[in-house]
Every structure is written in structure tokens, then in C-alpha cells.
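J.: Residue numbers (the numbering used here), protein chains in the order written: chain A, 1 to 502; chain B, 1 to 263; chain C, 1 to 629; chain D, 1 to 505; chain E, 1 to 99.
Simulated from the structure, these hints should not be mistaken for lab results.
Wrong hints could be hidden among the right ones.
What the hints assert, rightly or not - Computed far set for chain B versus chain D, every beta-carbon distance over 10 Å:
(1) F19
(2) W20
(3) P24
(4) L82
(5) M118
(6) L122
(7) L127
(8) Y154
(9) A163
(10) I166
(11) P207
(12) A208
(13) A230
Said to hold, decoys possible - SDA-like cross-link-like pairs, simulated, lysine to any residue; straight-line CA separation at most 25 Å:
(14) K343(D) <-> D198(A)
(15) K574(C) <-> F419(A)
(16) K38(B) <-> V80(E)
(17) K504(C) <-> A536(C)
(18) K477(A) <-> R481(C)
(19) K388(D) <-> A491(D)
(20) K205(C) <-> P497(A)
Only a predicted model underlies this, so the values are computations on that prediction, with no experimental measurement involved.
Quick reminder that beta carbons are idealized off the backbone N, C-alpha and C, glycines included.
One-letter residues, chain by chain:
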Amino acid sequence: MNSLTLLMLLPIFGSVAVAATPKAKETLTKQVALATTLIVAAATIAMAVSFQRDNVDLQFVEKYSWIPTFGINFAVGIDGLALVLILMSTILAPIVVLAGWNESHGGRWSVKVFYILILVLETMMIGVFAATDVFLFYVIFEAMLIPVYFLIGGYGSGQRSAAAVKFLIYSLFGGLLMLASIIALYVMSGDQGGHTFDLQALSQLQMSSTTQNFLFLGFFIAFAIKAPLWPLHTWLPDAAESATPGTSVLLLGVLDKVGTFGMIRYCLTLFPDASKTFTPMILILAVISIVYGAFLAIGQRDLKRLIAFTSISHFGFITMGIFAMTSQGHSGATLYMFNHGFSTAALFLVGGWMISRRGSSTIADFGGLQRVTPVMAWSFFLAGMSSLALPGMSSFVSEFLVLVGTFTRYPVHAVIATFGIVLAALYILIPVQKALHGPTTAGNENLSDLNLREKIAIAPVIAIIIAIGFYPAPLLKVINPASAHVIAQLGFTDPAPTNGDK
Amino acid sequence: MIELALAVGQTQTPEAVMFWILAPLTVAAAFGMLLVKKAVHSAILMASVMINLAIFYIAQDALFLGIVQIVVYTGAVMMLFLFILMLVGVDSSDSLTETITGLRPIAITAAVGFGGLMVSLLSRATLGRSAVGLQVANENGNVKGIAQLLFSTYVWPFEVVSALLITAALGAMVLAHHQRLQTRPTQRELSTERFRGISLANAAGLPAPGVFARHNAVDVPALLPDGSPAANSVNATLEARGDMLNSGAFELGKIDTSAGEEK
Amino acid sequence: MTTSNSLVYLIALPLLGAIILILAGRRADKWGHILGTLMSASSFVVGLYQLSQMLGRSNQARPVTQKLFEWISVGTFKVDAALLLDQLSICFVLLITGVGTLIHIYSISYMSHDHDRRRFFAYLNLFIAAMLLLVLGNSYLNLYVGWEGVGLASYLLIGFWNQKPAYATASKKAFVMNRIGDMGLSFAIMIAFASVGTVSFEGIKEHVHHTSTGALTAIGIMLLVAATGKSAQFPLQAWLGDAMAGPTPVSALIHAATMVTAGVYLITRSSFIFDAAPTAQLLVVIVGAITLLFGALIGTAKDDIKKALAASTMSQIGYMILGAGLGPVGYAFAIMHLLTHGFFKAGMFLGAGSVMHGMNDEVNMRKYGALRKFMPITFATFGLGYLAILGVPPFAGFYSKDMIIETAFNSGGTKGIILGSVTLLGAGITAFYMTRVMILTFTGKSRWDEEVHPHESPLLMWLPMAVLAIGSVSSGFLLSRGDALVNWLAPLFEEHGEHSELLKPIVVSGLALMMVAIGVAIAFLKYSRQEVASVAPEDVSVFTKIARQDLMQDRFNEAVFMRPGQHLTQVLVKTDEAVIDGAVRGVGQMAMGSGALLRGVQSGFVRSYAALILVGAVLLIAAIWVVTN
Amino acid sequence: MEFSAPVLNYTLLSPMLILLGGALIGVLVEAFVSKALRPITQLSVTLGSLVLALVQVWKIRNEQSTGAAMGSVVIDGPAVLLQASILIISIISVFLIADTEQFTALAASLPGSEEERHALQTGNQVTEVYPLTLFAVAGMLLFPVSNDLITLFVALEMLSLPLYLMAGLSRRRRLASQESALKYFLLGAFSSAFFLFGAAFLYGYSASITFAGIRDAVVGSGGNDVFLLIGIAFLSVGLLFKVGAVPFHAWSPDVYQGAPTPVTAFMAAATKVAAFGAMLRIYYTSFANAQWSWTPMLTIIAIITMVFGSLVAIAQRDVKRMLAYSSIAHAGFLLTGVIALNKAGLEASIFYLFAYGITTVGGFAIVTLVRDSAGEVTDLNRWKGLGKRSPWVATAFAGFLLSFAGIPLTSGFIGKFSIFSAAYESGAKSVVIAGVLSSAIAAFFYIRVIVLMFFTDPVEDGTSVVIPSSLTSVTVIFSMIVTIALGVFPAPVLNFISTLATFIR
Amino acid sequence: MDAANYLYLSVLLFTIGAVGVVVRRNAIVVFMCIELMLNAANLAFVTFSRINGDLNGQVVAFFTMVVAACEVVVGLAIIVTIYRSRRSASVDDASLLKR
């Protein structure tokens, strides 16, 4: 497998196949969807195998003229960063399909529509990370909102439509700001040698620092909303609360990564100087996100909202790692994106199973699940441990890298952020205690434990979490060259150890 | 407003006299249109404005237009207005009290602002060339000059205007023409209808309004021998509209002078 | 440096055991405990093998390493997953696996009625693995993994009976407070990387001489913070008492013998840093001194046998920390006390467990009494441990504790006198409260309830107790004979220079024994001569009350951290709702409101529309008027 | 002075002539063809002439001439593009107009009268709408190709008068329909008076009524610019009125709501193309050199228009009114194309006009489908749950709305992108920022409708979606295809526009 | 005699017409006011024609008259229709469509 375009087309073919399944045979529909996502995952892994690790250039590059009038190409290509994120997305997809086998029931529309949306979304997930044409990226960035919007609004629970609207409006707003910046880039490219949206070409543009700052903000705000970064986060808890667990996984695990991915790929590459200008401010926002998200998570009564706020805290870490401008911070942030995908997936999926069994997402309604449903409880516990970055879990490696990387340049930020790990212990252990420990409370006595399908779905997630926790090298080897490249392009070198000043 | 003064006008002084007499009249008439209550009066004032304008046209070497203004505009268009006014109700009068809050002050401010600003602007305007006058252009006669333009340079709009006229006619037809949707019954059919009806009572025709009543207007029902009103003597439309008068007031037997007054 | 391929088995065996037991689930109920014990025992065997290998090598060649794989490598931040077994770690390895195996055996019987016994053994194995990783890791980051791993195991084991909400809370408290300490370790690692560029013990040791004192002090203080968390030292000591919620074998293994001593390990392991950072070292001593008194004082007032022992543990670890803070002279004594303490305290905890086992899990000593007759073996083993902790010669504690007291006195100047006095005082208080425990539990009249039928524990339980009792008796003598341990460890630490000798060893021993005698006497007077109430009396001095409440440590934490934290959380939740989301919603409502307002322009009257057009035109004209003016 | 006979290039004028001819035939059909045959005959004549005109436009696509009608008409690339757009939009609008349910049976009858009932029973139809449509389309074709003020004025009236009439012909809620006709007419006449007054001043300023003459005067003027400015201002009032820019927009919500929906669709889409076409021509040719004077004005108006339209649309409860305000907002976006005053702006405007026009017709086509026993249901509250009842119709409408909102992969996005980038290129950054922000506001109400349709449970109140007639289906499907195709693969159209879009002067 | 005076007159008439549209309620009067505005424009055209010395202005005025005539037909037809439906020629009564 060495064609990104083909990889993007696979889910589309799958969605056509899903659409072709007879309405009565829902299981067949699901099987087709699962098969598609598995094939895509396999194809991605095959692609990853043939990826040249030490080559910092874009690989698997494809370029087709799309709208020549505006110099727009359908251009794709991946570096280590993109590869890791695509890998994460395509591995998560079959897990989500399998884990959410029954999520599509009780929605507004048929099962088929659910899987068509999921598969279309998968195409876009691949595309958004693979795009090397800014316009293409923007198109997918915005278009992705639509399937998610329908997934939340159509298959969610509670205030789903309000949450979906909030999500969409928020994201659109950010997207439009980015559009303004993109237009400006486009126009400038026209003034400096011909209209183009090629990322490489655009990064060579000459612009005044004021312009650069404004354009940077256009991009950054869009990404900060997406990521989300304090104080632009309020859509996330609502969306996560209302979405189905599977959707939440894709939303927080993959879509939100587009925000942090974009910060690296677009903000830093296109506007190196502005990035430097805004770094102090962004770091402060990131640190606030870490601590604030953690506190808010501690204060939540709803399990899904809690998980959402933990993610806000984690995105704070990722953002901090990105803007620390050290190779550790960068690689850590990238690895964090990957790991966060899985640990959030685990939390949401297991949390979702708990909620669907109990019929409530209020933490206080649970109690003593460990006695009743040990496997489910264990899965949740492990997911939680991953979320609080216990060593041995994948998130530890990334979180520590971020902290170390930040510390070497911005010790104060890193120190404050480290307090987040204590808060993390609280926000995970409080729900663990309330839901899993203690006497089995009324209403929880007869909950059933995970069935085979659910076990099969969660097993790879936990396996990946632990495996990467102990052996992150395969990923780091892919990530490191890309990170180093970005750092070097920005003109940064890692701070040297301060020893010898005695 | 500097260089617009016409050095050419041989009719300069008489024109000025005419202008200063007619212009105030025109403005007054136009202003009157806003102030009079009755629409008809407005129409008359409008007509006078138009005639004045025609004079101004002629004074400005636009003979053809002046004539057309009187013949077509004042003569035909204004008559159309009057005609419609008649249709709508010639004596309908407008209350001049403003019912939409705040509109009048806005209108007055806007008017004063508009007029004031425009006048002020005009006084500032310069053209950078002196006024020419139409002596040269009208060399072969004003009508001929216009015709020349109309049938050569502006032949396309001239043609297109015909489409406009057709549109207007078609539009008037659509909105006003009551198509007969079924053939009108012949006299024979009507009489057959009468005789084959439920009752022979009306075979000879419906009673006319006002019979045996003291008033023979169409909205006064005929009275039956017992003095009660004959409902079918009045047009069904009037009845439906509630415009039928109470016949009691018109009974022959009683002399009631006040009823007539009321009517 | 010598490499070995078998180090990993030390960790892998118990880890494998834990994984099998967790994954196998109920299927392993029948054989789980056996597998767990075997895994621990085989790890012990590997440890012994390694010891024999090590003994066969010269002093300098004793450390062995094993590089497993490259763990994290980003830029200059390179950390291998690698193990280091040297003279220091081997002590710990043997202690952990040895005592651990004994406790596994004990637990087979102790937990036999618990239908989650398999899970218990899984956790125990997990703990052994993590603890071994802690002591075997060759860098701070590897140590950190074990560090948090034992925290996790501790959490799981404290909360083993988490169906009781109080136990679940206790486990959470332990984890969170440990995390605060862990944060210190994180800081230490970060500072180390930022200033030295590496996080391995070897690497930092190499660079220590040209690293600024400031950085080293910072690292040292942060390591101390980590140690206080894990080792329940002041000010992060509050979790230990609550941690007694776990099954007693857990208390014996984790909260007495091994995990809580990790802080001592960390400080000794980092000797090269502390030696170069006197300020940090001084802080270590201060923390140790405070804690040893703090724990001892709490111990005097506790009626819960396990909590009394826990307070004692805290106090004893205070001794070790103090010892370790005394620099090169103290490290070996700290480790020695650690080892002897591992024996006698584990033995006493197991004894306490045995008592509880016979007393329907009653822990209140005021409901005990006269158990000597019913549980002779327990009494004997407990009593030996008691003598050891008191420091009565020739029991183990005598050798280790007196060394620390002596070193403290000899650390020089006023500091030496203060520290010596504190340690002496601590020894006296220790004697008091341990005697109190003995008296309340084993002597006097029985105070237990009708339905309780005390009985001696089965073989599988008393056997480990007996083994540990032997250790309590002999280990001190064995380790100090010919300065065996001191010499064994000596290559790891810097040479220590001459130190003044304030008091001769014999004087110190005399003083210590005198203090012990006083403590014992007071306890006898107070508890043996008069009736002990089966309910704790309320008319006690304010000091007793404070001591019963753990010297207000929980109240302090609640008042200073927890409640403000909770308030802050609530405030933030509300702020998020009202202010941040409120602002977002406000923008939306503003748009809608202005829409509704502007909608009023569309009044439906054609004349107002015309007016609008006219006004628009006027504005245009006005603009022109302005422009051309 | 000798009279020389005028020379008309009939080939170049043929699209308009065909339409006028078709209209005349239509008038004759009214007179001579039996009632039963009239609808089908009229429809065929109308469609036939529209298609023929389109073919004719295609044939002359490469012509560049100002001499088609003695200088009154200019045929160039933009002219061809605009005319073709208008014709395509008209064709799919006529498919909607062919829906007899929409028009009154007898316009002259009183609402609710016996006569009306009778006319309804006999299946009478006001087939005059077809020739009226053709006249309007002819006027629209002429509007953007006019090359002097007279022709411009005549074309303006020619496209307006039929629309005034058609607005009043609704079958349901006739009082509202007639009211909308009255409002449209009075305000339209009012604004054309301004237009004419402005034309007078331009004439006074330049001593010429041709666009070329005005441009020459602008370039080499001797006096000051007062007359020019007044002329531009008043002329703009007339043009801005037609495109529905604030504060000259007030007619459009009322008229959009009151008029029969097919007429609304037609005038919303086609009028906009024609009016903007004319505006582009006159601003890009005649006034180009007086840019300093009108760009600030248009910038402010554009910003107000976008923001106003978007904000007020939020508060709407009626789908047609909402679309009206949306069209106001779009007028604001389109004005940025005028402001841009560069080739990119011209191309973008033409693309936007075409894309927006098609989408608008599609959107209104959907509106015609949602009905209850009393006709169309335009109350948004009753659109709740439409996605459940008729998913395809709701999906199509959602697609159109997303295109209005400018979501990528729809034509609306490409349009917005191209027009904003053109404006940015010419330095009109404030407009771009305002446009982007109001797009965000606008997205809100489009999405609200989608929420209503898809995420709200239906209320059983008799609202249903009728099975679309085959012609309506064609309109909807065609609009949908174009909307998506122009969003996904706009390159051919953009290229085509780019090769043609240059005004000759 | 200054030809500009005609322009002032034209402006005044135009203003009066515009105000009339806003203040009068009778649809026919409103419409007449619009006619007044058109006439004002015509006067401007004629005046400018004279100033500029060419007849184009007069031709425009002529066209205006024709177009105005057509407009009158259509307008009056609409007004009559409204009147027949509502029995009122007041433009204020026609305010069903709003907000």
C-alpha cells in the first residue's frame, strides 16, 4: 500500500458498500463497515512499514491538479507526524466500530447512515493529516465537521442537538478565521510568484511581522478551538456528553488532534516568527488548560464530561510540548497525540459501556462495579491509569517528554504543569472510587460484564497503551526526525545542559 | 454653481421672468400635493406641476418634449390616474395624521437634509466647461434632432420599449380582466331554468328592489304584501356584504321623515 | 562493568505471575496463590544466585548491569530500559523477595477465606515486580517507573477491600499523597536532565563534580520530597496510618518492610548528589528527625494495633532517613536499620495479623488483653520483634539503631547534640509505646467480647513469623559483625573523612538503654499497674487528644489543602459554566437579540421602507457633502 | 444632416430577440389557443425560447462587440457568462413556475370570492406568467449588457415590471401576495426614480449617456466631481435596491415571502445575477477610475448588508423570509466582488452569482414541496422533523443551506473563497473580515434549520412533503448536482469563466 | 438666467416627491409622488441637455415618459387589485408581511 489517495478512497468504497446493504440486514451492514475499517487499518500499517524513518521529506507524495485557477492541488504526502496520526486514526476506526456495535440503534436514522458517516469521516481523517495543500486541508478540516455534527446530533443522547450546534458553530467560527488567513496567504502568494496553496511554497512567503501575527492568530484560534485550549473549550464537554462513546472517541481522539497537528504543521511552518512571538502567551494558555482542565474534571459529576475535561488538560500538555520548541517537547507532544487517542478511546469506550448498562452517566449512580463487572472495572481502571500517565502506560512517556522538554526551556511552566499530575490522580481516582469501589449500590447489582465483542474491542487499545508505554521506540523513531526537522527549521536547538557553570 | 450660466440664451430675460413666476408656483403645487387631503386634489395639483414642467421644457429648447409632456403625460397618464381615482372613490380623503410612530420626523429631517444637502452640493458643482445651449443641436429642428437619435442611435431601446408596453398591457389584463370561465347562459336557458326551478313563484322574475317601499335604491328591499322585506329583491352580493338596508324604515304605511334623512 | 542477562528475571518472574493471575481471572482461583508464591520465591532464588555471583567477584566488579532495550530516545534525552544490580540493590532484592516470599506464604493462609485471594496474590506479585524495578533501575526514570508501580500496587492493596468506602478513600489518599512525592521525583529528573543532560545514576555521578551546587541542591530537595512521599515522612506522612486499611500482610510487606523504605533507598542511591549538596542533606536530617518524633508521638496514643505499628514504622524510617542524611558515615547504618527493621517490623505486623486473625479482625488493642495464653507463638515472635525494635542487645535493633544514634551524636557541633538527643528521645518514646502495645495486647486481663474466641494461627502463618523473628534476633549481629554491611557497601559511597567522636559507642548504648528503660517503665506504670479501659477514655490531656488525631495532620491537610481545593474546584466549575461558557452563550444571545431588534426595522409599512431608502440616500449625499467640502 | 439607417447585429442580439419573440408568441397563444392547451403550449414556447436563447448565447461566446445595437448593447465575455447564467437559472425556475398549484386561478377575482372558487374548480390558470417570465428574462439579459443609461433604464424596467406583476399572483394567501406586489412596485418605482435622477447627473457630468462617455469624462474631467458623485450615489441606490443591499433591502423579505415561491426563486436568483451583472459592468468600466469615491461607500454598505442580513435572519421564523435575509447577506458578500475591482473579483462574482443562483432556485424548489392542506408551509416550526418524514428532501435542503453557509465541498464555499480572496487582493481587508465574521453568524441560522429538520421530532399537524412533480425534481436534482459539482470540482467552470471574463470597453 | 436654477427646481421637486412617498398614505397619491420624482429627473435631463448642448438628455426624458407610462399602467393595475381585495387604497393597510 503506497498510495494515500487509494487509502482515502477505501473507506469511501466501504461506505458505498454499506449503502448497498439491504436495510433489514443490520448485522451485515455492521460487518461490512468493520471489514472496511479493518482493511484500511491493515493498509495503513502496511504503509507505515514501508515508510522511510530517517527521511524527513514528505513521503508517498501525490499531487493532482484540482482547481488550477486558484493554484489548488489535491496534494498529499506524509511525514512522521502525519503517519503517526493517520495510523492512530485508522487503528481507532475499527475499534470504534466494534466497540460501538449497538451505538447506531436508537439514533434518529438508520444503522446504515451511521456507518456511512463513520466511513466518510475516516476518509477525511486520513485526508486532513495527509494534505499538503493548505486549501485541501481547509476543505477537509471544515467538511469533517458535517459528519461529526450528524453523528452527535443524530445518534447522541441528552441535549444532543444543542451540543451538536454548539460544536459546529464554534468550529465553523474558528474555521472561518482560518479561512481569512488562508485567503491572505493565497493573495500574498499571488504577489510573490504565482498563486499557490502548496505548504512548502507558502512557508517561503515574505511578510511583515504584523501580517504574520494576524495570520498566525487566524490559524491558531481555529486550532485552539479544535484542540481545545482554554478558554475556547466549552463546546467540548457538551459535545462529549451528548455524543455516543464511539463518536466521542473519534471527536476527541482524532478530530481534536487536527488542532494540535495544525499547530505544528501550519502555525509553526507558515509563521515561524509569529509563533515565536506568541509562544509565551500560548504557553500560559496551555498551562492554564492543564491545571484548569484538571480542576474542572475533578469537579464534574458526569462521567463523560469528566473525560472531556481530562482531555482539555491533556491538550494543554500537547500544546505546551509543541510550543516549548525543544525536540523532547515536540516528540513528546506528537507521541502524546497518539497516546491520548488510545487512552481517551479506552476511557470513553469503557465509560460508554458502563453508562449504557447503567442507563445513567452520573458518576454517583454507579458504585461497586468492581465486584459486579470485574473486567469492565479493570478496563476502566487501566484506561484511567493511562490517563493519569502512570509509568508503564504510554501516556507517561509522552507526558514526561513534554515536561522534560518544556523544563529545559521554560522551567516555570513545566513546574506548574507538573502539578497537573497530582490533579490527574484525583480526577481519575475519584470516579474510580465512586464508580468501581465501595459497596455495590442499588441499580448496579445486575449489570453484565463485558461480552466477547467488547473484550475484543478494548483489548487492542489496552495492549497498545501498555506496549507503547514500555516500548515507544518504534513510534519515536518515526516521530523524532520529523520533530527535529520542525525544530531545526524554526531555528531552535535544544538547550544544552547547564553543567559546568560551577 | 458657477459656469452654468447661459451666455447664449437670447430669451434670457423673458425666461428668467417666466421662471421666477412659474417655479414658485410649481413648487407650491408640488408641496400642495403633500398637504391636501383629497387624492383628487393632489392629482389636479400634479397635473399643474406637469404643465408647468412642459413650459420649462419648451423654454429650454425641448419643444418636442414639452408637447409630449402635455399631450401624453398630462393628457393621458394623468387622466389614467384620475380614472383610477374615480374607480377607487373620488371623494376618498386621506387623514394626514401620521400613524407610524416616528416616521414624520424622520421624513421631515430626511427631506430637509436631502434638499439642503443637494442644494448645497449643486452650489459647489463645477463642470469645467461652459454651458453650450441647444442652438447647434436644434439646427434642423428639435423634433428632427430627436428623431435622428431615436431611430438611429437609440433604436434598440426604442424597440425594446415596445416589449415594455406589451408587458404593461398584459399585466393590466392579468390583474383586471375577468375571464368568462363558462359560456353565459342564453336567454332560453335562463327561462328554462326559471320554470324548472323549485318554485314557480319566481318564474316571472324576481321582484325589483324598492317596490312598495318608499325608497327605490338598489339596497332597499321590496316589500311583500304583508309589509315584510322580500330578500330576493336585492342583489345577493349586497346582502352578503351586509349592505342591505333595513326595510322597516321604508314601509309605506308609516311616515317617518327621519328615516329619509338618515339615508 | 559486568553485564548479566539474568537480571531481568528478577522482575519478569513476579510480573509474569501478576499478569497471569490478572488475566486468568477466576480460573486461577485454585492455584493462583501457589503460583504467586512460587514466582516470588523463584525471584528470591534468582536473587540468591546473583548474590553468589557477586560474592565471587572483586569489590569493584560487583555491580552488574543489563540493558534491555532503548526505552526513550529523543534528542539528547536518552533513557535505556536497563537494570543495575550492585551491592546496594542486592540488599533490597533479597529483602524484597525474601520477606516478600514469606509474606506470600503467610497470606496463603491469612487470605484463605477471601474469595479474591487470587487477586491479592496478583497484586502482591505486581508489587514485588515494581519494587524490584525500583531498586534495579539504572536511572532515575527507570526508578520512577518502579516508584509509581509500587504506588499503584500499594493503592490496589490498601484498597483491596475497597467495598468499604473508608478503605477506598484510604487507598486514594495514599496514591494522591504519593503522587505529590512523585512530582518531586519528576522535578528532580527534569532538573537533572536540564543541568546535567542525563538521568542515569552513572551519568549524573560522573558529572556531579562540575555541576553547580544550586542545581544539585535543587535535585536533592526534590528527591527528598519524593522520599517523604513514599516513605511517609514529614510532611507527607498522613497516608500511612490510613494505609493500614489493607490486609495485614500488605502492611507488613509494603508499609513496613519494603515500599516505605524506598525513600531511604533513593537517598542512599543518590548519595553522590547529597554529598555535594549540604543544604539538601541538612534538610534530609531535619525531616528525619521531625518524623521520628512525630511518628513516635502518634504511636503513644493509638489504640489500633496496626496504626500503632504504622506510627512506629514512620518513626523508624525517620531514623533511617536521618541516618542517610548524615552523609557517608550514615548510609550504611541507614541501610542496616532498614534491613533489620524489615525483619522485626514485618514480623510484628504479621504478629498483629495473627492476633487479628484470632480476634475476628478486631484491631482495637483495648479489646485485647491476655492473649499470651491463647497465642503463644505469636506472643513469642512478636516479643522478639519487640525486643529488637527497642534496641535491647543483642537483638537486631540494638546494632542498627544505636549506630544511628551514635552517628547522630558524632555528626558534630550543636547539630550533633540536637540530633543525638532527638534520636535518644525517640528511642525512649519507642520503648514506651511498644511496651504499651505489648501490655495491652498480650498481658493483663482479657477485654474482648463474648463471641470472640482467640486461637493460635495455623502453621503457614506462624512459620513466616518465626523466620522473621529469627531475623529480628540475629540480623543485626550478622550484618554488623566485622562491619560486614559497611564494608560491603563501602565501594558505592564516597570515602568519609575523619569525624569527631563526641561520645564513645559504649556511652551511647548506655544512654539509649537508659532511655528505653525509662520508656518501658512508664508504660508499665501506666498500663500494667492499672486497669485498662476497653473504651478509650475521654478525660485525657489535650496532648493525648492531639496525638490520637495523628497530631492534627489530617486536619491540617484538610484545612490547608483539601477544603480550599474543593472550594477552588467548585468555584472553577461554576466559573466555567457562568463566565466562560456564559460569555460564549452571551455572544450567541447578543447576536440573536440584535437580530430580533433589527427585525423591528421591517415594520411591514411600505412607507417606512421608503423612508429607509430615503434616509440611505440622504446619508450617501451627506457623505458626498463631507467628501467634497 | 443625413439620416443613416441603424445597423443592428442580430446574431449578437439574438438571445434577447428570441426571448422577446417567444414572449410575443406567448401573448398570441393567450389570444388564440384554447384554454386546455394553453399551459402546455406556453410551457413549451417558454422553455423552447429559453433553450434556444441559451444555445445562441453559447454560439456567440467568443464575440467581443460594442456595435451590436448602435452602441447600446455590448457583448463580451462577462455578458455571455451572465446571460448564460440567467438563462440556466431561468430554465430551472420555469420548471417551478410550471407548477400550477402555485399561481392563482384568476388574478382578477377577489380573494375568497365565488368567482375565485369557480375558477379554481374549472382549473383555470394564469398562463400569462409564461410570457411575463420571458419578458422579465429578456430584461435581465439586457440589463448587464446595456452600454448606455437609456438602455440600462429600459432594461431595469423591463425586468421589473413583469416581476411586480408576478409577485401578486400567488394562489394561497393572496392578500399577502398582492401586498407584496404593491410593495415591490412602489418601492421599485421609488428606487428607479433615484436611479433616473442619478443618471441625469451622470449625464450632466459627462455630457454623455454611454458608459464609455462617462468613463472618458471620469478619466479626464475638468470640473469637480460633485455631479459625478451625486450621479454614482443615486444610480447606486437604484442598483443596490435591486440587489437588496441594506438599507435598500426592505422590500425583499416581504416580497420574497408574499410572492408565489417559484417567482421568489426566479427573482431571487436571476434578478441578482442581472443586477450584479449591470453593477459590475458600470462600476468596472465607467466608474473604475473614480474608485476612490465609491469603494468606501460600497465597503460600508457591504459590511452593513452582510452583518444585518445575517443577524436578522437568525430571528426569522419563516423559511422564505429567512432565505430572503440570507439573500441580503449574500448581496453583501457579492458586493465585495464589486469592491475588488480586479479581474479576480469579476470572475469570482460571476462564479458566485451562478452558484448562488442555482442553489437559491434549488432551495426555493424545496420550499414549494413542503405543504399542508392550505398550501405551502413556510413556518419553520412546522418544518420540524422533516428529515424523518422525507429524508431526501431534507437532505437536499440541508445541502443547499450548507452551500449558503459556505461549507467546503459546496459551490458556496468556492464562491465565498474566490470572492473574498479577490477582495483581499485589492486590499479590501475590512470587508473580508466582516464577511468572514458574518459568515459565522449566518452559519448559525442555516444550521438551526438543519437542526429543526433533522434533530427535532416532527409535530403531527398535517405538514407533509408532496411528491415533487417531475419538473420540480429536475430542478432540485440539477441544482443539487451543480451545487456539489461546483464545490468539488469547480475547475472547468472557473477556467471557462476565467477565459471569458474581461469587460471590453 | 442661470440654467442651474432649473436644477435647483428639479432637486426641490424630487425632494417633495420623495417626501410625499413617505408621508402620504393613499397608494395613488404615493404613486403620483413617484411620478413627480420622475418628472423632476426629466427636468434635470432636459436642463443638462441644454447645458451640454446635445439632445441625448431629451431622448432619455422621452424614454422616461414612455417607461413611466408603462409603469403607471402596471402600478395602477396593482393598486386597483389591492383596492378590490381590501376595499382600501391606503398603503398602511397592506402590512400583513412584516418582521
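J.: Now tell me if each hint is right for this structure.
T.: Do the hints match the structure? See the list:
Under the 10 Å C-beta cut-off, the non-interface status given to F19(B) relative to chain D holds; the minimum distance is some 18 Å. Its beta-carbon lying about 22 Å from the closest one in chain D, W20(B) satisfies the requirement of being farther than 10 Å from that chain. No beta-carbon of chain D comes within 10 Å of the beta-carbon of P24(B); the shortest separation is about 22 Å. At roughly 19 Å from the closest C-beta of chain D, the C-beta of L82(B) stays outside 10 Å, upholding its exclusion from the interface.
Against chain D, the non-interface label of M118(B) is violated: not every CB pair exceeds 10 Å, the least being about 7 Å. The Cβ of L122(B) does not lie farther than 10 Å from every Cβ of chain D; its closest approach is about 7 Å, which violates its non-interface assignment. L127(B), annotated as away from the interface, has a beta carbon of chain D within 10 Å; the closest lies near 4 Å. For Y154(B), the condition that its CB be more than 10 Å from all CB atoms of chain D is violated, with the nearest at approximately 6 Å.
For A163(B), the non-interface assignment is contradicted: its Cβ lies about 5 Å from the closest Cβ of chain D, within the 10 Å cut-off. Its closest Cβ contact with chain D, about 6 Å, brings I166(B) to no more than 10 Å, contrary to its assignment away from the interface. Every beta carbon of chain D lies more than 10 Å from that of P207(B), the smallest distance being close to 23 Å; the non-interface claim holds. Listed as outside the interface, A208(B) is consistent with that label: its C-beta sits roughly 23 Å from the nearest C-beta of chain D, beyond the 10 Å cut-off.
Every beta carbon of chain D lies more than 10 Å from that of A230(B), the smallest distance being close to 22 Å; the non-interface claim holds. Simply put, K343(D) and D198(A) have alpha-carbon atoms about 23 Å apart, close enough for the 25 Å limit, and the pair holds. As the CA atoms of K574(C) and F419(A) are separated by approximately 22 Å, the hinted pair is consistent with the 25 Å bound. Distance check on the hinted pair: K38(B) and V80(E) sit about 18 Å apart at the alpha-carbon level, within 25 Å; holds.
Taking the CA atoms of K504(C) and A536(C), the gap is about 43 Å. The hint is violated against a cut of 25 Å. Straight-line distance between C-alpha atoms of K477(A) and R481(C) comes to about 52 Å, which puts the hinted pair past the 25 Å bound. Our distance criterion of 25 Å between C-alpha atoms is broken by K388(D) and A491(D), whose separation comes to about 36 Å. Restraint check for K205(C) and P497(A): satisfied, since their Cα atoms lie roughly 15 Å apart, inside the 25 Å limit.
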